[in-house]
Amino acid sequence: MKWGKARGFVNIEDPTAVIKTLKEGPGGRYVEDWEYQAFWQWLGEQGHIMHQCAMEISYLCAARQQDVLALTQADIQEDGLLVIQAKTGKAQVKLWSPALREVVDRALSTNTVAQMQTTHLIRSRSGRAYTRTGFNSVWLREQRAALAAGAIKARFRFHDLKIKAVSDFDGDVQKFSGHKTRSMAERYNRTPDRVVSLNNPSSKKRD
Numbered sequence: 001m002k003w004g005k006a007r008g009f010v011n012i013e014d015p016t017a018v019i020k021t022l023k024e025g026p027g028g029r030y031v032e033d034w035e036y037q038a039f040w041q042w043l044g045e046q047g048h049i050m051h052q053c054a055m056e057i058s059y060l061c062a063a064r065q066q067d068v069l070a071l072t073q074a075d076i077q078e079d080g081l082l083v084i085q086a087k088t089g090k091a092q093v094k095l096w097s098p099a100l101r102e103v104v105d106r107a108l109s110t111n112t113v114a115q116m117q118t119t120h121l122i123r124s125r126s127g128r129a130y131t132r133t134g135f136n137s138v139w140l141r142e143q144r145a146a147l148a149a150g151a152i153k154a155r156f157r158f159h160d161l162k163i164k165a166v167s168d169f170d171g172d173v174q175k176f177s178g179h180k181t182r183s184m185a186e187r188y189n190r191t192p193d194r195v196v197s198l199n200n201p202s203s204k205k206r207d
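Take the sequence shown: its position 6, counted from the start at 1, is 6 in my numbering, and no numbers get skipped.
Mixed in with the good hints, there may be bad ones.
[What the hints assert, rightly or not] Derived SDA-like pairs: lysine to any residue, alpha-carbon spacing no greater than 25 Å straight-line: (1) Lys94 to Gln66; (2) Lys175 to Thr119; (3) Lys153 to Glu142; (4) Lys175 to Gln77; (5) Lys90 to Lys153; (6) Lys153 to Asp168; (7) Lys153 to Ala129; (8) Lys87 to Ala165; (9) Lys94 to Ala129; (10) Lys90 to Thr119; (11) Lys87 to Lys5; (12) Lys94 to Met116; (13) Lys5 to Pro15; (14) Lys87 to Tyr59; (15) Lys94 to Arg64; (16) Lys94 to Arg106; (17) Lys175 to Lys5; (18) Lys94 to Ser137; (19) Lys175 to Pro15; (20) Lys153 to Ala165; (21) Lys175 to Arg101; (22) Lys94 to Phe176; (23) Lys175 to Gln46; (24) Lys90 to Gly27; (25) Lys153 to Tyr30; (26) Lys94 to Glu32; (27) Lys175 to Asp79; (28) Lys153 to Leu140; (29) Lys175 to Gly89.
[As the list claims (entries may be wrong)] For each label pair, taking beta carbons as the anchor points, the in silico distance ranges come out as: (30) Trp34 to Val10: 53 to 61 Å; (31) Gly150 to Arg7: 20 to 28 Å; (32) Gly47 to Thr16: 46 to 54 Å; (33) Thr88 to Ala17: 25 to 33 Å; (34) Pro98 to Gly4: 53 to 61 Å; (35) Asp14 to Lys175: 37 to 45 Å.
Quick caveat, the hints were computed from the structure, so don't treat them as lab data.
Using N, Cα and C, we set each Cβ at its ideal position, and we do this for glycine too.
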């Protein structure tokens, strides 16, 4: 509307200006440890090692799916893994932990048979980088299969892994997640705050 009005294509007021926006609660959910482990193991049993690696990198780095799929060997640095958030442009070096080093090495050693190899960490069996559509088709299919087999009790999104990471992190969640504001970081944090209770019984005041 603003674009059209500025160019003379629209001569009425914006009719949406008086419409109140609907308040939305935080989407997604926290993935329990047993759910994470159960589906991670399920993927391995089905031969989807790269999806296992993508899960681990997303969780350990609190990284979105598109940022995990975009990782290349050039992002492997001496002190950590460089993750650039496509949504905000924020660049972070996720410092090496034994778990992060292990999963990156595992990704590099997986799907290496194909002659043509991309430099992406997460690669399909053809050696090419996964598209989001291709990656998600496997994820959704295996989620349904794991649910039908009773391996998990409810499906969860790949993006829920970031919610789990932020919730599990014990420290500055804004710095860890790379969000621009603390309020946005807290939207991902589903861990109840631990606060002290009063040690001043009101019953004593009535005595």
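Check your understanding: Which of the listed hints are not met by the structure?
Key -> Hints 2, 5, 7, 11, 12, 17, 18, 19, 23 and 31 contradicted; others consistent.
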